[in-house]
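Here is what each chain is made of, one letter per residue.
2 protein chains.
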Amino acid sequence: MEEIKKYIEDNKQRFLDELFELLRFPSVSADPKYKSDVLKTADYVAQKLKDAGADSVEVCQTAGYPIVFGEKIIDPSLPTVLVYGHYDVQPADPLELWKTPPFEPTIRDGKIYARGACDDKGQFYMHVKAFELMSQTGTLTCNIKFMIEGEEEVGSANLGIFVKENAEKLKADIVLISDTSMISMENPSIETGLRGLAYMEVEVTGPNRDLHSGVYGGAVANPATILCKMIASLHDENNHVTIPGFYDKVLELSDEEKTALNSAPYDEEEYKADLSIDEVWGEKGYSTTERTGTRPTLEVNGIWSGYTGEGAKTVLPSKANAKISMRLVPNQSSEEISAMFTKHFESIAPKYVKVKVTAHHGGEPVVTPTDSIAYQAAEKAIEESFGKKAIPTRGGGSIPIVALFEDVLGIKSVLLGFGLDSDALHSPNEKYDLYNYYKGIETLPLFHKYFAELSK
Amino acid sequence: MEEIKKYIEDNKQRFLDELFELLRFPSVSADPKYKSDVLKTADYVAQKLKDAGADSVEVCQTAGYPIVFGEKIIDPSLPTVLVYGHYDVQPADPLELWKTPPFEPTIRDGKIYARGACDDKGQFYMHVKAFELMSQTGTLTCNIKFMIEGEEEVGSANLGIFVKENAEKLKADIVLISDTSMISMENPSIETGLRGLAYMEVEVTGPNRDLHSGVYGGAVANPATILCKMIASLHDENNHVTIPGFYDKVLELSDEEKTALNSAPYDEEEYKADLSIDEVWGEKGYSTTERTGTRPTLEVNGIWSGYTGEGAKTVLPSKANAKISMRLVPNQSSEEISAMFTKHFESIAPKYVKVKVTAHHGGEPVVTPTDSIAYQAAEKAIEESFGKKAIPTRGGGSIPIVALFEDVLGIKSVLLGFGLDSDALHSPNEKYDLYNYYKGIETLPLFHKYFAELSK
Numbered sequence: 001m002e003e004i005k006k007y008i009e010d011n012k013q014r015f016l017d018e019l020f021e022l023l024r025f026p027s028v029s030a031d032p033k034y035k036s037d038v039l040k041t042a043d044y045v046a047q048k049l050k051d052a053g054a055d056s057v058e059v060c061q062t063a064g065y066p067i068v069f070g071e072k073i074i075d076p077s078l079p080t081v082l083v084y085g086h087y088d089v090q091p092a093d094p095l096e097l098w099k100t101p102p103f104e105p106t107i108r109d110g111k112i113y114a115r116g117a118c119d120d121k122g123q124f125y126m127h128v129k130a131f132e133l134m135s136q137t138g139t140l141t142c143n144i145k146f147m148i149e150g151e152e153e154v155g156s157a158n159l160g161i162f163v164k165e166n167a168e169k170l171k172a173d174i175v176l177i178s179d180t181s182m183i184s185m186e187n188p189s190i191e192t193g194l195r196g197l198a199y200m201e202v203e204v205t206g207p208n209r210d211l212h213s214g215v216y217g218g219a220v221a222n223p224a225t226i227l228c229k230m231i232a233s234l235h236d237e238n239n240h241v242t243i244p245g246f247y248d249k250v251l252e253l254s255d256e257e258k259t260a261l262n263s264a265p266y267d268e269e270e271y272k273a274d275l276s277i278d279e280v281w282g283e284k285g286y287s288t289t290e291r292t293g294t295r296p297t298l299e300v301n302g303i304w305s306g307y308t309g310e311g312a313k314t315v316l317p318s319k320a321n322a323k324i325s326m327r328l329v330p331n332q333s334s335e336e337i338s339a340m341f342t343k344h345f346e347s348i349a350p351k352y353v354k355v356k357v358t359a360h361h362g363g364e365p366v367v368t369p370t371d372s373i374a375y376q377a378a379e380k381a382i383e384e385s386f387g388k389k390a391i392p393t394r395g396g397g398s399i400p401i402v403a404l405f406e407d408v409l410g411i412k413s414v415l416l417g418f419g420l421d422s423d424a425l426h427s428p429n430e431k432y433d434l435y436n437y438y439k440g441i442e443t444l445p446l447f448h449k450y451f452a453e454l455s456k
Numbered sequence: 001m002e003e004i005k006k007y008i009e010d011n012k013q014r015f016l017d018e019l020f021e022l023l024r025f026p027s028v029s030a031d032p033k034y035k036s037d038v039l040k041t042a043d044y045v046a047q048k049l050k051d052a053g054a055d056s057v058e059v060c061q062t063a064g065y066p067i068v069f070g071e072k073i074i075d076p077s078l079p080t081v082l083v084y085g086h087y088d089v090q091p092a093d094p095l096e097l098w099k100t101p102p103f104e105p106t107i108r109d110g111k112i113y114a115r116g117a118c119d120d121k122g123q124f125y126m127h128v129k130a131f132e133l134m135s136q137t138g139t140l141t142c143n144i145k146f147m148i149e150g151e152e153e154v155g156s157a158n159l160g161i162f163v164k165e166n167a168e169k170l171k172a173d174i175v176l177i178s179d180t181s182m183i184s185m186e187n188p189s190i191e192t193g194l195r196g197l198a199y200m201e202v203e204v205t206g207p208n209r210d211l212h213s214g215v216y217g218g219a220v221a222n223p224a225t226i227l228c229k230m231i232a233s234l235h236d237e238n239n240h241v242t243i244p245g246f247y248d249k250v251l252e253l254s255d256e257e258k259t260a261l262n263s264a265p266y267d268e269e270e271y272k273a274d275l276s277i278d279e280v281w282g283e284k285g286y287s288t289t290e291r292t293g294t295r296p297t298l299e300v301n302g303i304w305s306g307y308t309g310e311g312a313k314t315v316l317p318s319k320a321n322a323k324i325s326m327r328l329v330p331n332q333s334s335e336e337i338s339a340m341f342t343k344h345f346e347s348i349a350p351k352y353v354k355v356k357v358t359a360h361h362g363g364e365p366v367v368t369p370t371d372s373i374a375y376q377a378a379e380k381a382i383e384e385s386f387g388k389k390a391i392p393t394r395g396g397g398s399i400p401i402v403a404l405f406e407d408v409l410g411i412k413s414v415l416l417g418f419g420l421d422s423d424a425l426h427s428p429n430e431k432y433d434l435y436n437y438y439k440g441i442e443t444l445p446l447f448h449k450y451f452a453e454l455s456k
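Protein chains in written order, with the UniProt record's numbering: chain A, 1 to 456; chain B, 1 to 456.
Bear in mind the hints are in silico, worked out from the structure with no lab data behind them.
Computed from a prediction, not measured in an experiment: that's the story for all the values here.
Be careful, since some hints might not be right.
Identical copies look the same in the list; a pair holds intra-copy or inter-copy alike.
As the list claims (entries may be wrong) - Capping the alpha-carbon separation at 27 Å, the derived lysine-lysine pairs in DSS-like fashion look like this:
1) K284 with K351
2) K229 with K284
3) K412 with K99
4) K229 with K356
5) K111 with K164
6) K99 with K380
7) K439 with K33
8) K356 with K272
9) K99 with K354
10) K354 with K229
11) K354 with K284
12) K164 with K354
13) K272 with K354
14) K272 with K5
15) K99 with K35
16) K343 with K229
17) K171 with K72
18) K229 with K351
19) K164 with K389
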């Protein structure tokens, strides 16, 4: 432990400079205009894995963005840890809301502000540095493999194919992922579940051209109005999703599970104050912790129609569009739910309009075991570095790869994340605390140590 | 009449070239980035009035865009016609839907395609050329004044002030306006009413920043979803507007009025085919003609929230916005209705969000008399040039100035428009038929002739 702390102390500034360099690449996978930047990012990650001591480092081409692979096999008889992360980031807009440029990392009161600071560059890079630390100090206790992809924020479309085709190369005993949050540094926690995702795009078409709202208004259905009515109908008065069959496969938690889940620290006043809202919202009969962790949801991620510029334009628009995504919980299938949504949305379209529904990426929900050697290793590592027991929580986010790994490779995952819900992932002014970054680099070698010990 | 036709024939090409020059100015009043173009347009109009023979031509400055004034007083004892028009145009977007550039007028099968071709450059310029024709052929029978403004498409905010301050200068016996449509060239018509307008912009704010839809989805109200629910509630199941008091002052038509109104040619199959819609929409219990001409309406002109770019972004947006306008009918007041809307919209906002409502420009509805000398002069002019009686109709659009003129100057208006509903006003590929342009130039001198005769 002292050795770990010393190495980090001696290399503190370099660890930060390297992360900053990584954060300066605008590796936005959703927007084609950043293609060359995303590719440069992959090369940078590969170079850093080599520098840290990895062998057979490869930038593996796919139909989309490449996957960076690297490994260090010290002894085939020892357990192998497969580290997964992603070097792509969410779009940065709305840009005007950033205090400092999203791709010019800036430190303000102990926090690194940049797109990807926490999700996931800051977090996966902790593993690269922890690996360097173990190699340099000769304290590697497990074999290690890295698989850092560039399409997580757009649904990891090509990762499944890659994993199927490289099952042998990816063989490991556990997948270790840092792409989730803790309750706080005072209340370290480990996520034991993730929600799945179904992401849809809808287009409602009324007249074949934009019309003068005076000449035609009142006589021709307005697709924006119709889309609003359709979206409004997707939640009932108790905020349950109205898509037939949506909840059919959802498991209700046992009272014990509910109690355990709700025992996690949660201060509603703080929660509301942080978001400047007067009231929380959600499905009647469930707590905020249950709503975000254990219940499926439906959210409008974007909507647009008609004139959205300066001033006034009296137009009756021809089209109205929306992006609508659903978070899924165990037993729900992304494909089934996407099909249900499509069928339902088409069925509620009035005869005045035409509706087109297309599915973006999806991902399956997962629950990770808490009785495994790997989970125990994570618990011990946290207890040693934080001096506190970790609280198991259910995360609201989605990491499609976790389910994929179980299905294709039969390997479980441990979600050892060091972010915070307040890190503003996917929002302007995303940040990652310096403390968390270094704390992660300190904790990860302990995971490897205990995972090796417990595997004996 | 022969003299008129000959003069038009001899100057056909020049009349068109001058209009094209006028149409090339992107005089979009709603968008500040076109400011210098709008100003250049005013100067061009002033020059053309001088060329046509107008005296004391002025580009009158206002707090906004200037108003171009010019006149020709041949004999103070003769009646005076005040021509009103506007040189500003609607924004041209969505640009990608234009077959040819909006500010590069192009002729396709006998039609001029350009933003403003019909609304209102093509129409007011007919008056300038008709005036030139009368001056050149020494057939002026009335004094004439021109007032061409540059803010009609943004609500004529400064025109009211100008009119009040220049009542003496604007003194006239009738206001003549060509900014409306006819049923068709086979069914010439004169609009005898216009709807008023109340244009609102709303902003719904949820959390203080965009959020990760996985981490917060299901526990925090989504302003896009809430805005959709609020907009959905503005029309009931029979498509009546639900704002309390909205219809209180609306007059129901008498059976006679209904019969007269519905006797105007209307082919629903043609109407639907032109717009590629399967069904017309609107208030239960009213015909399309009644819905657009005699009933107030509420339309979403624009809506935007969250991520609207390429691909998928799992964001729970902080804000959702919409532009919503209402067309008003006689007895409704733009100010009253704006206040009603604001009060109602704020009242239906759930406690999870904050709502801001702001009013853009408004305009009052009007009905023009059909028993006046001016209306009869218009009827006779049309009968002579079209060889057919004009059908009185109710227009769905709004020209705020008409009500303003009655209030401030006590002058009635005649709406002698030569456009067609199919001219795609406010839409991509706006057009104006060459036939209508020349037909207007031919008809207007006849109006002056009969107005003078009937005024004796």
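Between K272 and K5, at a C-alpha cutoff of 27 Å, which is it: within one copy, between copies, both, or neither?
Result: close neither inside a copy nor across copies, 37 Å intra and 75 Å inter.
Which holds for K356 with K272 at a C-alpha limit of 27 Å: within a copy, between copies, both or neither?
Result: close only across copies, 20 Å inter versus 37 Å intra.
Up to 27 Å between alpha-carbons, please classify K229 paired with K284: within, between, both or neither.
both (22 Å within a copy, 18 Å between copies)
With identical chains, the pair K99 and K380 could be close in the same copy or across copies; at 27 Å between alpha carbons, which is it: within, between, both, or neither?
Neither: 39 Å inside a copy, 67 Å across copies.
Tell me, please, which holds for K164 and K389 at an alpha-carbon limit of 27 Å: within, between, both or neither?
Neither: 37 Å inside a chain and 78 Å across chains, both beyond 27 Å.
How would you classify K99 and K35 at a CA-CA limit of 27 Å: within, between, both, or neither?
For K99 and K35, the Cα distance is within 27 Å only inside one copy (25 Å; across copies 31 Å).
Pop the pair K164 and K354 into one bin, within, between, both or neither, using alpha-carbon distances up to 27 Å.
neither (39 Å within a copy, 49 Å between copies)
Within a copy, between copies, both or neither: which one fits K272 and K354 at a CA-CA cutoff of 27 Å?
between (40 Å within a copy, 14 Å between copies)
With 27 Å as the alpha-carbon cut-off, assign the pair K171 and K72 to within, between, both or neither.
within (13 Å within a copy, 92 Å between copies)
Copy assignment of K343 with K229, given that the CA separation must stay at most 27 Å:
Answer is both: 17 Å inside a copy and 21 Å across each meet the 27 Å cutoff.
What label fits K439 with K33 when the C-alpha limit is 27 Å: within, between, both, or neither?
neither (35 Å within a copy, 51 Å between copies)
Status of K229 relative to K354 across identical chains (alpha carbons, at most 27 Å)
Result: close both inside a copy and across copies, 14 Å intra and 21 Å inter.
Consistency note: the structure conflicts with the earlier hints numbered 3, 5, 6, 7, 12, 14 and 19.
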